[in-house]
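> In case you want the letters, here they are:
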Amino acid sequence: MLKFLLQGLALSSLTERAPPPADDAMAELASRLESASRRKLGRSLSIREVDAGSCNACELEIHALNNAFYDLERFGLRFVASPRHADVLLVTGPMTKNMREAVERTYAATPDPKWVVAVGDCACSGGLYAESYACEGGVDKVIPVDLHIRGCPPEPVALLEGLIALVEA
Amino acid sequence: MALETTELKESMFRGDPVAHARGWPRHVVDRATWLEIVVGLAEGQGDLLGLWSDGEAVHMAVMERAARGFAIVTLECPDKSYPSVGRLHPPALRLERAIRDIYGVEAEESPDARRWLDHGRWGVRRPGAAAPSTDAPNMADSYEFLPVEGAGLHQIPVGPVHAGIIEPGHFRFTANGELVVRLEERLGYTHKGVETLMAGATLARGARLAGRVSGDSTVAYAIAFAGAVESALEMKVPRRAVYLRALMAELERLANHFGDIGAICNDAAFALMNAHCGVVRERFLRANRQCFGHRLLMDRVTIGGVTADVTPGAQNQLRKLVEETKALVPRLIELFGDTTSLQDRTVGTGHASSELVSKFGCGGVVGRASGRAFDARRTPGYAPYEELSFTLGASTEGDVDARVWVRFDEVRSSLSLVEQILDILPGGEWKNEAVPAPGAMREGVALVEGFRGDILAWVRIGADGMLERCQLRDPSWFQWPLLEAAIERNIVADFPLLNKSFNCSYSGTDL
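Chains as they are written, first to last, in full-length UniProt numbering: chain P, 1 to 169; chain F, 1 to 511.
Okay, chain P solo, but in the shape it has when bound (with noise of 0.2 angstroms):
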């Protein structure tokens, strides 16, 4: 282990430079947030993750935000294990019927001001499964979003991109 330790003093870092915040993302958010909400919250944030049925691809990417490369807690980005601690809903999938109550009292559970993120395509409008009878077809069919980030799944940069939106926003 102690060679794993030292390593990592000697070698420079992994982490790469930030992107810039998307401009679509910015220009989404202009028009949902208030400045009030903004000097509340800070430049910090605490996102609760929330599978609303996805196939877990857009989870992989989310955990990828959290190694070497990306580092997202340098931005005073956190996931956090409850809804009680969240600033940010982070969901993804197409909304399963199944699904759709647990959502709905996670988002009941997460204090104001709260923002939700739609990641990925199914939790933006429904993707494939849009016309299935199992699915509600996109997260705004049951809580509001407030940031859409679209991909199949999106890459991690996108993902940055759209939370330094937030924070910068």
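Keep in mind that the hints were calculated from the coordinates and are not lab data.
Cβ coordinates follow ideal geometry from the N, Cα and C atoms, glycine included.
Check the hints yourself; a few may be wrong.
[Said to hold, decoys possible] Simulated restraints on C-beta separations:
1. 16/P - 149/F: 55 to 65 angstroms
2. 319/F - 9/P: 52 to 62 angstroms
3. 324/F - 111/P: 37 to 47 angstroms
4. 383/F - 16/P: 24 to 34 angstroms
5. 14/P - 390/F: 26 to 36 angstroms
6. 9/P - 289/F: 45 to 55 angstroms
7. 199/F - 76/P: 42 to 52 angstroms
8. 466/F - 20/P: 23 to 33 angstroms
9. 333/F - 68/P: 17 to 27 angstroms
10. 24/P - 428/F: 14 to 24 angstroms
11. 199/F - 9/P: 53 to 63 angstroms
12. 66/F - 130/P: 15 to 25 angstroms
13. 20/P - 289/F: 12 to 22 angstroms
14. 16/P - 347/F: 32 to 42 angstroms
We have chain P already, so just place chain F on it with the hints.
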């Protein structure tokens, strides 16, 4: 009911052969033969590989153990019921519950009559049946968990929204103090209606859906689906495409195994391993993007071939990455094996018995860590693996530690496989453009080894070239129930560690 014992391999090839079935033989059998096969499975003569319905009949995919013979047997269900498989062979229980929820076909004398995928919220009952019931209430049904009786027991409900970045499912622990005496899973939260969406879809849409049944296994699912369609239509796949598919499958396996090794250690509060494994995983995902244009390789395998070729420059980069990773793996192994605080958490934790693993025909790392040496790349085997050399991960310890070691074994195998494939990658075409018209109804089947275990794909294609029915059976169907057994007599706090070492798919089983 008196049940006679017969040789499984005799009964599973009896009955009327179905002429349009390709890949494996399919026979339509009578109830007596159906029961004989169920008895053969219960006696351990064979493994259940899949059980599904199309609303009119039930189909069972079976592997005979001694001769390693594969077949599908079908029982017509004119009165929408069939003799339960799960009554004698428990691995079938959840599959039967799923069949009843989607198609309304009942397993007679089933010991578990509770719904599985249907939580009473779809606004429809039997959505896959010819006549779905639309007067179903769109509200939660009550669900009875299995009773647990005894002094000093308490229940801990967990989920469906969990504390981490993880798929949704509900776990009901019954504990005595910290000790778990029973765990019961309730899944189905990610049910998206994939089978119903597949019915009537084009083959291209079917391939996209198959690639999204479980996002971490998108390559394996796409190969399984394409393989089943290709066997149905008797299509040839160019040699280069066969090797590129295997290359993608091994890259997928590597990324997932590194992710899992890191995450298991992280759940034992050893973040250093997670940090290093996370870096390796990310490098492989970037290599995927460089070689094939997508980090997770979605939609890169198509019917008749692949949709992206790899340039010589990208191949060289990949080779370099494999060399660097090969040098790193012994150091990661040292870090895992020599960290006593980690060993203290993993050794002896969450033991999955070899008897249960064998009974459930449990595939992948979970099976191989408990002595079940099964890998679809070997049996039945498929191209190009017969031309490549690799060893399977193996252990008989069956605990969390064993599952990590088996992953390390398989990481080394996959690194070697990537090198071998790059060495002998044939030139030429990588996509067979023309998908032939079926002309008449066709069926095909494929069994493919994903990082989690064997995936069964079965398709029926109509004369018009559209999908009539597609069955995709995730390895997790036979692993989830073992998780319930493996947690018994462990402490609640070890559950995340155990759960991660299994890493069953929610989306893959909820469909």
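> It remains to establish, for every hint, whether it holds in the given structure.
Now for the hints, and whether the structure bears them out:
no.	hint	result
1	16/P - 149/F: 55 to 65 angstroms	holds (56 angstroms)
2	319/F - 9/P: 52 to 62 angstroms	violated (30 angstroms)
3	324/F - 111/P: 37 to 47 angstroms	holds (46 angstroms)
4	383/F - 16/P: 24 to 34 angstroms	violated (39 angstroms)
5	14/P - 390/F: 26 to 36 angstroms	holds (30 angstroms)
6	9/P - 289/F: 45 to 55 angstroms	violated (30 angstroms)
7	199/F - 76/P: 42 to 52 angstroms	holds (48 angstroms)
8	466/F - 20/P: 23 to 33 angstroms	violated (46 angstroms)
9	333/F - 68/P: 17 to 27 angstroms	holds (20 angstroms)
10	24/P - 428/F: 14 to 24 angstroms	violated (42 angstroms)
11	199/F - 9/P: 53 to 63 angstroms	holds (58 angstroms)
12	66/F - 130/P: 15 to 25 angstroms	violated (48 angstroms)
13	20/P - 289/F: 12 to 22 angstroms	holds (21 angstroms)
14	16/P - 347/F: 32 to 42 angstroms	holds (38 angstroms)
The structure does not agree with the numbered hints 2, 4, 6, 8, 10, 12 stated previously, though it agrees with the rest.
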